[in-house]
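Protein chains: 2
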Amino acid sequence: MVESWSFLDTVESNFRPLVVIELAKGTKEETIEWFTKRIVDKKANGGAQLLIKPLVMENGVENIYLVGASHLRLLLGAETVGLVKECSDNSMRTFTYSSRKTFKDFADDNHNFLTMAECQYIIKHELENLRAKNEKMIPGYPQAKLYPGKSIVRRLLTSGILVQIFPLHDREELKKLRQSWYGRVKVGYQPLDDIRCYFGETIALYFGFLEYFTFALIPMAVIGIPYYVFAWEDYDKYVMFATFNLLWSTVILEVWKRICAILTYHWGTLLMKRQFEEPRPGFHGVLGINPVTGREEPVYSSIKRQLRIYLVSLPFVCLCLYFSLYVMMIYFDLEQWALDYHKENESNFSSLMLYVPSIIYAVVIEIMNRIYRYAAEFLTSWENHRLESSYQNHLILKVLVFNFLNCFASLFYIAFVLFDMKLLRQSLATLLITSQILNQFAESLLPYWLQKRYNRRMRKRVCSQKTDMDLSLAEQVNMEKEMGTYLGTFDDYLELFLQFGYVSLFSCVYPLAAVFAVLNNVTEIYSDALKMCRVYKRPFAEPTANIGVWQLAFETMSVISVVTNCILIGMSPQVDALFPDSKMDLVLTVALVEHLLLAVKFIMAFVIPDKPRDIQMKLAKLEFESLEALKQQQMKLAAESLKE
Amino acid sequence: MVESWSFLDTVESNFRPLVVIELAKGTKEETIEWFTKRIVDKKANGGAQLLIKPLVMENGVENIYLVGASHLRLLLGAETVGLVKECSDNSMRTFTYSSRKTFKDFADDNHNFLTMAECQYIIKHELENLRAKNEKMIPGYPQAKLYPGKSIVRRLLTSGILVQIFPLHDREELKKLRQSWYGRVKVGYQPLDDIRCYFGETIALYFGFLEYFTFALIPMAVIGIPYYVFAWEDYDKYVMFATFNLLWSTVILEVWKRICAILTYHWGTLLMKRQFEEPRPGFHGVLGINPVTGREEPVYSSIKRQLRIYLVSLPFVCLCLYFSLYVMMIYFDLEQWALDYHKENESNFSSLMLYVPSIIYAVVIEIMNRIYRYAAEFLTSWENHRLESSYQNHLILKVLVFNFLNCFASLFYIAFVLFDMKLLRQSLATLLITSQILNQFAESLLPYWLQKRYNRRMRKRVCSQKTDMDLSLAEQVNMEKEMGTYLGTFDDYLELFLQFGYVSLFSCVYPLAAVFAVLNNVTEIYSDALKMCRVYKRPFAEPTANIGVWQLAFETMSVISVVTNCILIGMSPQVDALFPDSKMDLVLTVALVEHLLLAVKFIMAFVIPDKPRDIQMKLAKLEFESLEALKQQQMKLAAESLKE
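So the sequence lines, in the order shown, correspond to chains A and B.
Here the first sequence stands for residues 581 to 1224, numbered as in our numbering.
Here the second sequence stands for residues 581 to 1224, numbered as in our numbering.
Extracted from the complex, chain A is given alone in its bound form:
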């Protein structure tokens, strides 16, 4: 039943390889047979009804399999995962096989109706939903326990039999995408729709947000430049800048929600129904009955988890925060030392030395952030959350709190304890620029080096001058399986979040921050694009309707920035001079203005609709239609019942 492929077969009629499964070397024969049988078995027998073929390597080892599916199977899978596609009348509807003819570009012989990323997402979904029936364990591996309903692929992954599953790149498509994305230096938008077709919605939305955020920063940067050029050190000009900044940051976050709704509506994910969330792969516990599903599955007591969170994770995070503050105090000692040195020696070298402590501190901050990140991941996974979403929320909370304090504590200390505006500006500039350079290095130079290494290795293997396009399928698979795995958009968003903090929290003392942010983001787009296309394995597409918890994080940051900017403005000598008689009046005025600004912010957030009017109308139309259809159905039933 399972035919094998020879090393150089790249074309095979009726089988388009979509996903690669790599098993551990030396996996038992009976396990492989059982697993491949389950994959190709009929749906009715509990199989996935997909196609699978082994890829025979030069050395004869057979541990890599290619998975594909018939066109019909993919269409039915599209219905199962609830894909939303565009209809002939330009509306977006949930795809069903029975209504397939009403969809735009659908034809029984058009195999491009579903994008390759969608097909791969469907196959991943089908593989993950391949569940144990009566098997008590994985055949050949008695220690890998199974129970009815357990996802087979997840158990194979956790027990190390399955090394990895990844989707194949489409060399031709990728080349086209690269060309239009970053192939030539050009001014213009990114091909977001193409990115979405190739990499899926989560990644396309990240690039959409990055692009939007960069454009949104441009007005701030443009207004910030004259402050540098004309050396506007007057605080009244800073006040203007800060006020603009505050309102602007609220507006851009609200407008992003609308743009996000437009994008995801056209990608179909805005309308996609949420799937029922299965336990995450790492979750473990004793077998019990899940009260929601009524199925047997591992159960882990919520009290135990709470104990772990409050008795271990929380103290650990507090300890890390304390350590971060301790490092900060060392930085201030260094700063003092550098200042003393400069006073003693007064040379060019000594004035350069003034910047050294900040630079060292910025590097230390980056290193601490990265180490803490691993610790947070370890702890959160040890907390044993049942759902991926709960895991993600706890991880993001841990990381955000630490990173916020780690990056901004020194600035807060300088601004509101030392009251040293000059040092604040200098420190802010150094921290921002150093962290950007470090990140660019880690994201641009490192990928470039990896790229080089990868090219060299490729050449060595194939021993010829073949270009990418000429590679055989086996060669391609071999190359891709060695590439790094893209771990999601978390770090990319975190970087933007911290950048937003640098730009907005103390904007009224350093208007040039926005300029650096814009410059950084332009190169960031290119380096991230390079990373996605050349450095990492193709990631599975992940449908998403918004940027999730990051929207909340950015909004919280913009609320905090209202407070800090108001205080900074209140502390400025110019504003001070307006209230010569009474410091009291000054403080009260600042507090009043702050409360008014916060009120305006909340009212704006409330008043600006999250979705543009035409998207609202389209959603209302869909809802109306589904209610109408339900009513028609009930009417028919009622008419029949009443006839009796």
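Be careful, since some hints might not be right.
Any copy, or any two copies together, can satisfy a pair, since identical chains are not distinguished.
As the list claims (entries may be wrong) - Distance condition first, Cα-Cα at most 27 Å in a straight line; then the derived DSSO-like pairs of lysine-lysine:
{"no.": "1", "residue 1": "K1211", "residue 2": "K681"}
{"no.": "2", "residue 1": "K1201", "residue 2": "K713"}
{"no.": "3", "residue 1": "K1216", "residue 2": "K713"}
{"no.": "4", "residue 1": "K1198", "residue 2": "K1117"}
{"no.": "5", "residue 1": "K1111", "residue 2": "K756"}
{"no.": "6", "residue 1": "K1111", "residue 2": "K716"}
{"no.": "7", "residue 1": "K1216", "residue 2": "K684"}
{"no.": "8", "residue 1": "K1216", "residue 2": "K622"}
{"no.": "9", "residue 1": "K1163", "residue 2": "K817"}
{"no.": "10", "residue 1": "K884", "residue 2": "K1201"}
{"no.": "11", "residue 1": "K1201", "residue 2": "K730"}
{"no.": "12", "residue 1": "K730", "residue 2": "K1216"}
{"no.": "13", "residue 1": "K853", "residue 2": "K837"}
{"no.": "14", "residue 1": "K853", "residue 2": "K1201"}
{"no.": "15", "residue 1": "K684", "residue 2": "K617"}
{"no.": "16", "residue 1": "K1201", "residue 2": "K1191"}
For the record, the hints were derived by calculation from the structure and aren't laboratory data.
Fit chain B to the known structure of chain A by using the hints.
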């Protein structure tokens, strides 16, 4: 087809009158015939398939009709409106006729499966959804235009042919409810489930909130009493009270959400799907195509509405606010005059006179609130909103802003401009107590007087000593149609909202406010119950899952109260004494504490889940089941498609 009923027929087999339709006297015969035919006509012919019988009065005039429905028709209607009922396994599920056997207490001969309030709600829904087919106008009334899809009942109502539709009271049930609700003086909870069965969810939820809110105020009241008894005028004790108050008010609002979820889950409304919203009855415009439904219906340009809102309503509201502030300044003149008078005369009478301005002002506030309420209703209906929800939101916003300023502006002025804590306490007490007395008068004495008048009139008509229970159906209908119409829970919630303001905004200067609020609310429950049972027509049940915009209004009030209380505490001499050297430090400390409290509030609101864990589980279970069912259906389809 339409049999008539003689005056004294009270029992009729197989027809249970549920809803009364009163047509205008002298309605044309052809109109009546057409309307009744549409009501009884088969669903397939576009009718409502209900039962209708005329009620022949003593004077032979036949303008009152009783509407009922067969048991089967009601069950099918329950499916149409999407009622959620309890199943035999104690879970809540959407009722469908085909799955009727799985529901608790269902039996084909059990006509009490649906409560009378539910039956009446179903009939109202069916009548309102009786739509014009090809009629261009109401037969006999060429000026009452119709177009396909227009609700006939709404057109009949707006053109005055239909005087009113109201549900009948159930004398026996009502008597039982009265007994258990307020029949004897007892300490205990209200029979919320019975109230819900009789009056529907919106009203039961109001009483649930009133009761909950009263219980929640008790701790505040208990802590407030010693301040009066021991004359604790120390501010440090006030500080304690205010801090407790702030945290408490956040907690009670969060806990209410959870209790509300528990109540509405068991009532089935938490799970009920939102129905598609039809245009509100008063909405008018030129005929056009609704882009959402694709149907012909009146269309009114959104720009015109915006112009009306911003060029007429907004200036009008501002004018009213200005007028309210103007009245406030007159009140302060009066207050000054009374103070001068007291200083000159120093008598018992003059010290009593000190309270007179506040009392007069409280009465004026109440009168202005009521007049403004009518103006706001008129304006909002003139703004011509298409949907009832949009109408309600604009009305509530207008009324809340004005009432807030009208009631609290003088207190803010006294506290933060005059800095007169003694006057603040006196003014707050007078305003609170006077407004409560006025409201109790309007809600308790007025109902009592109406009750008397109604008893007298009843006696006069029937000329006998019959009790309520012995009345014939015709007598009952005649009596009920003359009763007032209950206009919804808006005014009741508004009263509670203002009370919450009095209690929380300045709690640290007048801890006794909570005591008065509790006392008021206890009598409020009784007077509101009396009002519902004896004064007004029975209202149609309205399913609802929460208290809607009022939750937001109460939360906003509690945020504002954090700010006011922090400032009041900061202004106290005791706190002042803690910072002898620098006023500055005092203000900064107060600002810091305020921000911390606000942060704690928001974090608490975010962390406390809106639904209790077991309700979350039940909802998850339902969602899982519906997804499972969908998957099964797709699997079957897939298996069939793949066999081909």
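Right, here's what the structure says about each hint:
{"no.": "1", "hint": "K1211 to K681", "in the structure": "both (24 Å within a copy, 22 Å between copies)"}
{"no.": "2", "hint": "K1201 to K713", "in the structure": "between (42 Å within a copy, 22 Å between copies)"}
{"no.": "3", "hint": "K1216 to K713", "in the structure": "between (39 Å within a copy, 18 Å between copies)"}
{"no.": "4", "hint": "K1198 to K1117", "in the structure": "neither (37 Å within a copy, 41 Å between copies)"}
{"no.": "5", "hint": "K1111 to K756", "in the structure": "within (16 Å within a copy, 74 Å between copies)"}
{"no.": "6", "hint": "K1111 to K716", "in the structure": "neither (42 Å within a copy, 66 Å between copies)"}
{"no.": "7", "hint": "K1216 to K684", "in the structure": "between (30 Å within a copy, 26 Å between copies)"}
{"no.": "8", "hint": "K1216 to K622", "in the structure": "between (36 Å within a copy, 12 Å between copies)"}
{"no.": "9", "hint": "K1163 to K817", "in the structure": "within (22 Å within a copy, 29 Å between copies)"}
{"no.": "10", "hint": "K884 to K1201", "in the structure": "between (47 Å within a copy, 23 Å between copies)"}
{"no.": "11", "hint": "K1201 to K730", "in the structure": "between (39 Å within a copy, 18 Å between copies)"}
{"no.": "12", "hint": "K730 to K1216", "in the structure": "between (41 Å within a copy, 22 Å between copies)"}
{"no.": "13", "hint": "K853 to K837", "in the structure": "both (19 Å within a copy, 26 Å between copies)"}
{"no.": "14", "hint": "K853 to K1201", "in the structure": "both (17 Å within a copy, 16 Å between copies)"}
{"no.": "15", "hint": "K684 to K617", "in the structure": "neither (36 Å within a copy, 46 Å between copies)"}
{"no.": "16", "hint": "K1201 to K1191", "in the structure": "within (14 Å within a copy, 30 Å between copies)"}
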